[in-house]
Amino acid sequence: SAVISQKPSRDICQRGTSLTIQCQVDSQVTMMFWYRQQPGQSLTLIATANQGSEATYESGFVIDKFPISRPNLTFSTLTVSNMSPEDSSIYLCSVVNKKGPEAFFGQGTRLTVV
Amino acid sequence: AQKITQTQPGMFVQEKEAVTLDCTYDTSDPSYGLFWYKQPSSGEMIFLIYQGSYDQQNATEGRYSLNFQKARKSANLVISASQLGDSAMYFCAMREVSARGSARQLTFGSGTQLTVLP
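Line by line, the protein sequences are chains A and B.
Our numbering applies: residue 693 is where the first sequence begins, and numbers increase by one.
Our numbering applies: residue 25 is where the second sequence begins, and numbers increase by one.
To be clear, the hints were calculated from the coordinates, so they are not data collected in a lab.
Where is the CB? At the ideal position from N, CA and C, for every residue including glycine.
Careful: at least some of the hints might be erroneous.
Stated by the list, open to error - For the chain B half of the interface with chain A, some residues (derived, Cβ under 10 Å), not all of them:
id : residue
1  : G76
2  : F132
3  : G135
Stated by the list, open to error - Over 12 Å on every C-beta distance to chain A, these chain B residues come out as not near it, computed from the model:
id : residue
4  : Q38
5  : K40
6  : R119
Claimed, not checked - Pairwise CB distance ranges (calculated):
id : chain 1 : residue 1 : chain 2 : residue 2 : range
7  : A       : Q706      : B       : I70       : 26 to 34 Å
8  : B       : L108      : A       : G732      : 20 to 28 Å
9  : B       : D50       : A       : G792      : 19 to 27 Å
10 : A       : K699      : B       : R87       : 31 to 39 Å
11 : A       : P793      : B       : R87       : 41 to 49 Å
Full structure from sequences and hints, please.
Structure follows, in structure tokens:
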């Protein structure tokens, strides 16, 4: 398995500000993903974090709102920019490695925008 | 069309009894994987069990088993001997494999909230 450290675990932010979420993995992984889970909803993929290049965003998500970095094989950040109350969600980092098919998840970041 | 369908928003089960959580999927890819995750109220996603599309036998992991019926495109999770700690949201998910053979991201169902009664 992979051990994933995601920070912060929760935050309350003012609208109009930005928050950067960090995801650190204890081993090299092939793929890293960022998901959003709105209150009472399922998980929706925001983007695939690509090492050394721009992330691949899903429909409805744009780089200006959710810039993502992945400088190496074990670390990625997601920034939620110019936040509004609609951005209040759990944000989850997920990784896949070569050892098995399952995806592992960080503990999640519970974001509340006021 | 939804790729993963979970038709049970909520389920109740008596402690020590078995429960089945339903999941149907839709894909035209011959190679895919099916997963079940548990999400307690703390929010973390816990991997439970995996079934590959070419696997001949149903997957089992301790008290969890996956009832895989390929022709019906269903992948139901069976939890035996339910425990109070099993109360959580359960998500079914699928990963399709691209034409180049690389794994794609997971697509999740809407989830089933399981409550185990003492």
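ask   = When the hints from earlier in the document are held up against this structure, which numbers fail?
value = 6, 11
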